[in-house]
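Chains as they are written, first to last, in UniProt numbering: chain A, 1 to 402; chain B, 1 to 448; chain C, 1 to 251; chain D, 1 to 343.
Misleading hints may appear alongside valid ones.
[Claimed, not checked] Below, simulated DSBU-like cross-link-like pairs (lysine-lysine); rule was C-alpha separation at most 35 Å, straight line:
#: 1; chain 1: D; residue 1: 124; chain 2: B; residue 2: 168
#: 2; chain 1: B; residue 1: 309; chain 2: B; residue 2: 194
#: 3; chain 1: C; residue 1: 52; chain 2: C; residue 2: 137
#: 4; chain 1: C; residue 1: 137; chain 2: C; residue 2: 241
#: 5; chain 1: D; residue 1: 124; chain 2: B; residue 2: 406
#: 6; chain 1: B; residue 1: 100; chain 2: B; residue 2: 336
#: 7; chain 1: C; residue 1: 241; chain 2: C; residue 2: 192
#: 8; chain 1: D; residue 1: 77; chain 2: B; residue 2: 406
#: 9; chain 1: D; residue 1: 124; chain 2: B; residue 2: 336
#: 10; chain 1: C; residue 1: 154; chain 2: D; residue 2: 124
#: 11; chain 1: B; residue 1: 201; chain 2: B; residue 2: 287
#: 12; chain 1: C; residue 1: 192; chain 2: C; residue 2: 237
#: 13; chain 1: C; residue 1: 154; chain 2: A; residue 2: 7
#: 14; chain 1: B; residue 1: 309; chain 2: B; residue 2: 198
#: 15; chain 1: C; residue 1: 52; chain 2: C; residue 2: 141
#: 16; chain 1: C; residue 1: 154; chain 2: C; residue 2: 195
#: 17; chain 1: D; residue 1: 77; chain 2: B; residue 2: 309
#: 18; chain 1: B; residue 1: 287; chain 2: D; residue 2: 308
#: 19; chain 1: D; residue 1: 308; chain 2: B; residue 2: 201
#: 20; chain 1: D; residue 1: 77; chain 2: B; residue 2: 336
#: 21; chain 1: C; residue 1: 197; chain 2: C; residue 2: 154
#: 22; chain 1: D; residue 1: 308; chain 2: B; residue 2: 198
Simulated from the structure, these hints should not be mistaken for lab results. Source: prediction; values computed, not measured.
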Amino acid sequence: MFGLGKKDTTVFVVVIILALCAPFILNPFPTGSSLAQFNAGYPDLMQRFVIFGIFAIGFNLLFGLTGYLSFGHAAFLGMGSYAAVWMFKLLSMNVIPAILLSMVVAGLFAVVIGYVSLRRSGIYFSILTLAFAQMSYNLAYSVLTPITNGETGLQITLDDPRILGSSATADGSIPVTNLFGLEMRHFTTVDVAGWSFNFSVGYYLCAVIMILAFYVAVRIFRSPFGMMLRAIKSNQQRLYYTGLNARPYTLAVFVISGMYAGLAGGLMASMDPLAGPERMQWTASGEVVLMTILGGAGTLIGPVLGAGFIKYFENIFSKINDSVLHGWFAFLPDGLENFVIAILHPFVGKGWHLTLGLMFMLVVIFLPGGLVEGGQRISRALRRDKPEDNGAASKASHEPAE
Amino acid sequence: MSKSTLTRRGVLRTGAVAGAGVALPTIFTSSSASAFTNEPTGGSVTLGFNVPQTGPYADEGADELRAFELAVEHLNGGGDGGMMNTFSSKTLDGTGILGKKVEYVTGDTQTKSDAARASAKSMIEKDGAVMISGGSSSGVAVAVQGLCQEAGVIFMAGLTHSNDTTGKDKKANGFRHFFNAYMSAAALAPVLEKMYGKDRKAYHLTADYTWGWTQQESIQAATEAMGWETVNNVLTPLAQTDFSSYIAPVLNSGADVLVLNHYGGNMVNSLTNAVQFGLRDKQVNGKNFEIVVPLYSRLMARGAGENVKGIFGSTNWHWSLQDEGSKAFVQSFGTKYGFPPSQAAHTCYVQTLLYADAVQRAGSFNPCEVGAALEGFEFDGLGNGPTLYRADDHQCFKDVLVVRGKENPESEFDLLEVVEVTPRAQVEYAPDHPMFAGGNLGSCNPGA
Amino acid sequence: MGILEVKDVNKRFGGLKALSEVNLSVTENTVHAIIGPNGAGKSTLLNCLVGKLIPDTGSVMFDGQSVLGRKPFEINQMGISRVFQTPEIFGDLTVMENMMIPLFARRDGAYRLHAFRSVESEAELRSRAEAMLEDVKMLDKRNMHSASMSRGDKRRLEMAMCLVQEPRLLLLDEPTAGMARADTNNTIDLLKEIKEKRDITMAIIEHDMHVVFSLADRITVLAQGTPLVEDSPENIKGHPKVREAYLGEAA
Amino acid sequence: MDAIILQILNGLDKGSAYALIALGLTLIFGTLGVVNFAHGALFMIGAFCAVTLNRILTLSHQVVDESRKDFLGNPLKVDVPYVNDWFGEAAGATIIDWAVPLAILFSIPVMIAIGVIMERGLIKHFYRRPHADQILVTFGLAIVLQEIIKYFYGANPIPTPAPDVFRGSFDFGVLLGFDPNVIIYPYWRLVYFAFAALIIGGVFAFLQFTTFGMVVRAGMADRETVGLLGINIDRRFTIMFGLAAAVAGLAGVMYAPINSPNYHMGMDFLVLSFVVVVVGGMGSLPGAVLAGFVLGVLESFASMNEIKSILPGIDQIIIYLVAIIILLTRPRGLMGRKGVMED
């Protein structure tokens with residue numbers, strides 16, 4: 001189906017189901033229950049899951065296939081965001097031109113940065129990309145303020161000269177990003193017994209684009225191009241002596257991957273029309289690296305899992321404060337309650353970084369292939385007799401240390 | 001798909017409970033339209049406190065959070081009532097807001113506009129917050145203010161000092177109690193003139209981003225108006241930690257005053273570096289070399305240690321103030337937490353009370369009605385003397401404190417002494433002042 | 001005229017003269033061995049042929065075209081394939097994928113972005129790859145991860161990868177270096193088989209006389225960067241100059 | 001001219017911090033082949049050694065002073081450090097004043113212990129793992145370490161002053177015949193520069209002239225061969241890691257008075273120090289030191305008004321710009337070896 005192999009079709013269908021049913025899957029707890037804190041099925045976070053999923057899928061095309069570790073990929077995401085917001089300011093609040101322009105802009109920058117950086121490999125390549133991204137970030141924060149609005153971030157104002165559309169709505173508000181009139185921020189909530197589920201227009205647009213992006217990535221993985229990229233990672237010398245020029249391939253995938261980042265940036269701006277410079281900071285670039293490695297570099301679905309994992313921690317764990325903890329453990333006797341809360345306190349709320357850091361360490365120590373390997377181990381344990389043999393997935397298993 | 005709106009969790013929660021309880025024939029109930037975003041319909045109302053919990057401003061954020069918790073406690077009738085007792089408006093009676101118990105959710109801004117917006121969105125979309133408050137930088141304040149405008153909730157800004165927040169980036173749904181760069185400059189200038197004279201040459205080091213620029217612009221204008229000369233203004237990268245290469249040329253430039261338009265970690269480092277260079281022991285143009293830090297934060301000043309001694313700056317509020325409001329606040333904060341509150345804590349506490357009071361007076365949580373109640377509101381008893389929430393730009397006008405690093409601190413909190421309380425009249429400006437021009441409040445957005 | 005003509009090639013590294021006045025002609029459909037003691041300049045010469053090094057002076061013509069200044073992949077596209085001393089294969093890929101890459105290179109040139117077609121759908125190339133694997137008796141291993149194979153199998157795979165491109169000249173850089181006697185013999189058999197089955201021109205750089213004499217049609221002896229003699233294996237065996245330079249008998 | 005001399009001085013000082021951190025990073029990378037993202041955290045922990053010693057020395061008991069009031073109006077409790085009780089007020093104050101130099105002694109065993117525990121407990125399991133895994137695990141460790149520090153010390157910078165005698169600055173200009181106050185330089189920064197030079201010299205001498213150093217250098221060049229010789233290279237590498245941690249820690253201790261330590265100062269330095277290491281050339285110790293000084297001096301030049309007025313914002317990007325130019329003209333940085341971290 002879809003020109004994919006049997007296994008890939010299964011994975012793809014699973015991704016489609018997950019993406020379309022996310023509003024249900026991410027809200028497993030009844031709204032009134034104390035565990036509702038763990039629900040992630042609200043529009044903003046769901047959008048972030050898929051947008052960062054796209055970003056990580058694109059990054060994985062470069063890093064997972066060729067092994068080139070770009071440490072400046074967030075620059076493309078930021079440029080995409082700026083391009084999209086400018087499109088909203090100048091042209092129209094429709095998201096289509098904005099998203100297209102964000103991909104084009106990110107692609108163009110990727111051509112330039114990639115052309116220069118790909119002259120070196122290994123860590124030298126990483127540092128070159130890092131340097132470009134940090135330069136973009138520093139300049140966007142300061143000197144380029146007329147274009148980027150500096151620290152505050154580029155936003156839509158009431159006096160934007162929008163060519164197609166009006167500067168302000170009739171009631172004096174800023175117009176809303178839309179897809180041919182369908183507003184991105186619109187959403188409907190459906191209550192089922194104690195549960196409630198949010199269906200957001202913005203989320204479904206992102207989800208559909210993510211599914212497309214995933215599909216394209218699968219096709220690239222299985223194409224001669226994808227095979228060449230894996231060959232580059234495996235043995236560049238052999239590739240050269242087999243009559244192939246690695247540079248155009250790496251540049252092509254760098255640009256594709258940059259355009260994925262631009263797409264993610266454009267979508268981010270479409271969901272929430274603001275573009276801040278910290279989107280381009282090295283920590284943001286590092287984040288996508290971590291997402292990919294955490295999920296499982298070189299696997300199809302790993303980066304999406306990694307993106308979800310990190311964003312979940314950032315948005316859910318950071319909001320658990322002491323009063324929430326007290327709510328959970330109110331059933332315990334007072335002394336015990338305070339004791340349990342004292343134990344948990346450093347790990348939630350303002351301590352969410354600590355939990356995230358520990359999770360990084362645990363995953364990389366015990367699951368060298370990332371979360372995907374965790375999934376494989378579980379499925380292997382469930383059906384011992386059927387050994388897993390997924391071409392892409394098996395690549396993830398490194399030799400265990402020691 | 002019906003009309004555009006953000007979620008209204010309050011409605012849904014009760015709707016769901018009712019649905020389950022009465023066992024309606026259909027278990028599907030779609031949300032019905034309500035008057036405004038997150039209209040609280042149950043017995044409680046949720047406020048969202050969005051403060052930096054990670055990153056360099058985490059301690060300031062933690063202090064803001066303490067203040068919010070205290071304010072919620074007081075609103076719900078707990079504790080000693082703090083400034084509710086001294087507040088000139090007497091609508092708050094310890095029964096929550098409009099009889100609804102006040103609940104709150106917290107989030108981490110990370111001092112990044114993106115993260116701050118994500119966190120605020122989750123409060124609005126997931127937790128049904130009807131008001132967002134907090135924050136420790138102007139970039140975040142402006143970003144979250146913009147979000148609240150779009151979402152249709154009230155934003156009560158925390159610590160944000162840039163002129164832009166109530167200048168070119170002002171929004172109908174956003175309100176700022178904290179003072180701004182212009183006011184700092186207007187308050188500082190006369191004191192500087194008195195202390196250092198009219199004939200001074202100033203050298204500015206300025207953090208290279210919007211807040212830094214507005215701060216520098218304000219100070220330069222105010223000091224030049226009284227006769228000072230500005231020798232140079234050097235922009236320093238935000239990420240800079242070592243300012244030696246910027247400070248080294250200062251002495252040789254002919255300047256005799258160094259103005260550090262830095263905040264937070266930048267301020268601590270640049271001030272420490274400047275003192276290390278021995279600038280304050282030098283004589284230039286026959287005068288003692290002086291350093292000025294226009295915006296002081298006591299929390300951050302602690303990081304600079306002894307280096308703040310004798311250095312002038314301005315602050316929104318200080319715990320050593322002896323008016324009834326301040327005393328009541330320090331008493332109740334200090335009793336609960338064991339140390340005096342910071343100016344960030346003060347502004348957050350006050351903003352929460354002001355919001356609650358405005359709702360009470362408006363008789364509704366509708367942001368448009370709340371906004372109308374805040375606009376032009378005159379009040380007293382919240383630690384800053386008589387204060388006006390100006391309708392034109394949603395900026396509070398009140399006295400500004402000029403402070404100086406204390407020579408002989410008695411405790412680790414006793415770092416600053418109030419030198420002068422600059423009266424409100426002296427720091428007022430026209431709403432269309434050039435430094436604040438270019439913005440538009442727009443119309444208030446109730447969301448629904 | 002041979003298919004490969006090396007004329008008056010000189011190469012210096014600093015003060016060291018690695019190649020001086022090298023002339024070499026490889027005739028089509030022959031196996032030409034280049035032998036010589038360590039440091040004779042064999043590897044330098046090979047590197048000059050494949051584009052890794054550029055001679056200081058002289059010319060290297062392949063089928064009437066100069067290879068000098070061209071990059072390795074361009075030279076491969078001209079029809080020269082190379083087997084390395086230690087097998088260079090794509091270790092992360094399966095055997096079949098290893099075979100597909102040279103086939104794509106031959107069909108599509110040095111660069112072509114087939115990003116949206118599936119490798120699976122290339123039936124024609126797959127059957128060619130399978131036929132080649134059959135030839136080297138590796139068809140049963142086609143789905144193996146190539147890094148996990150024995151060294152002998154890796155060598156076979158590398159040869160197959162080169163041969164499937166149907167090169168007009170196959171360069172072999174000490175194909176049996178470091179191999180056990182049995183493996184060496186296997187490799188000799190494999191090369192003999194290849195030679196018998198198809199018309200192929202090979203240039204072998206080799207240390208091992210046994211290999212050279214079992215395969216070569218012509219032999220060039222290199223010593224101190226200069227060709228001493230070029231002759232048939234029979235004549236080389238008894239050549240006094242060779243014995244002197246190569247076997248060090250005079251000393 | 002005077003401005004240039006001034007900025008060279010500044011640059012050397014900045015550079016000495018970069019060089020020290022990069023040196024430790026390269027020691028770990030060169031010997032163990034591990035990309036250590038937690039190195040910045042080690043630097044930070046070093047600075048917090050100074051803070052901690054300061055806290056230990058100022059451990060106090062409280063004396064109620066009825067004559068003064070605290071902020072709540074209760075009698076003020078005055079902290080009296082125990083050292084004051086033991087040694088008298090003047091001597092006690094002097095001891096506290098010298099907390100940072102004393103912290104050097106305190107930090108060496110602490111840092112070596114942390115380094116050895118890190119290596120034995122975590123890093124050694126990652127020698128044969130891909131660099132990506134090393135980055136992930138050390139980055140995770142860095143976050144954990146800094147969160148622990150934040151938990152105990154808060155997020156705000158903590159003032160850690162140098163001893164009083166180093167207050168103020170030295171007038172270089174007068175020595176060189178310029179007017180007074182033209183080229184001044186703080187004493188503590190001079191101390192820092194000298195200290196950095198000492199440490200760098202010490203590390204080089206150690207590697208050059210001791211058998212231990214020779215084995216390690218041989219191990220850096222070819223680990224397997226040295227292992228075959230029956231030398232227990234692993235134990236030496238563990239010690240090496242401890243040493244690198246100590247270098248980072250000492251850099252941090254001495255840096256504490258320059259910028260008040262805070263929990264994220266390591267992250268601030270991390271990226272920069274990687275740039276320095278790579279510009280110097282992966283695995284090259286002299287390269288790391290050279291690059292540290294070169295980038296420090298260039299960064300200082302870029303902050304000069306004369307240059308900023310021609311190229312606004314140049315000081316924001318100079319390090320990265322220079323890194324790009326150097327890496328494009330010299331493929332392996334200033335002194336990098338071929339084949340190290342190139343795939």
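### residue 154(C) paired with residue 195(C) [C-alpha distance capped at 35 Å]
This hinted pair holds, its Cα atoms lying about 20 Å apart.
### Query
Does the alpha-carbon distance linking residue 77(D) and residue 406(B) stay inside the 35 Å limit?
19 Å, holds
### Query
Is the Cα-Cα distance between residue 309(B) and residue 198(B) 35 Å or less?
23 Å, holds
### Message
Given the hinted pair residue 197(C) and residue 154(C), is their Cα-Cα distance within 35 Å?
### Response
21 Å, holds
### Query
Taking only the CA atoms, is the gap from residue 77(D) to residue 309(B) under or equal to 35 Å?
22 Å, holds
### Query
Is the hinted pair residue 308(D) and residue 201(B) satisfied, with a Cα-Cα distance of at most 35 Å?
21 Å, holds
### Query
For the pair supplied as a hint, residue 241(C) and residue 192(C), is the alpha-carbon distance within the 35 Å limit?
Holds - the C-alpha atoms of residue 192(C) and residue 241(C) are around 28 Å apart, at most 35 Å.
### Message
Given the hinted pair residue 124(D) and residue 336(B), is their Cα-Cα distance within 35 Å?
### Response
The given pair, whose Cα atoms are some 48 Å apart, is violated under the 35 Å limit.
### Query
Within a Cα-Cα threshold of 35 Å, do residue 154(C) and residue 124(D) meet the stated pairing?
32 Å, holds
### Distance restraint between residue 192(C) and residue 237(C), which requires alpha-carbon spacing of 35 Å or less
Given that 35 Å is the threshold and the Cα spacing comes to 20 Å, the pair holds.
### Message
What's the verdict on residue 52(C) and residue 141(C), does the C-alpha distance respect the 35 Å limit or exceed it?
### Response
32 Å, holds
### Query
Would the pair residue 201(B) and residue 287(B) pass a check requiring their Cα atoms to be no farther apart than 35 Å?
Holds: residue 201(B) and residue 287(B) sit about 11 Å apart, inside 35 Å.
Violation of the numbered hints given earlier is confined to hints 1, 4, 5, 9; the remaining hints are satisfied by the structure.
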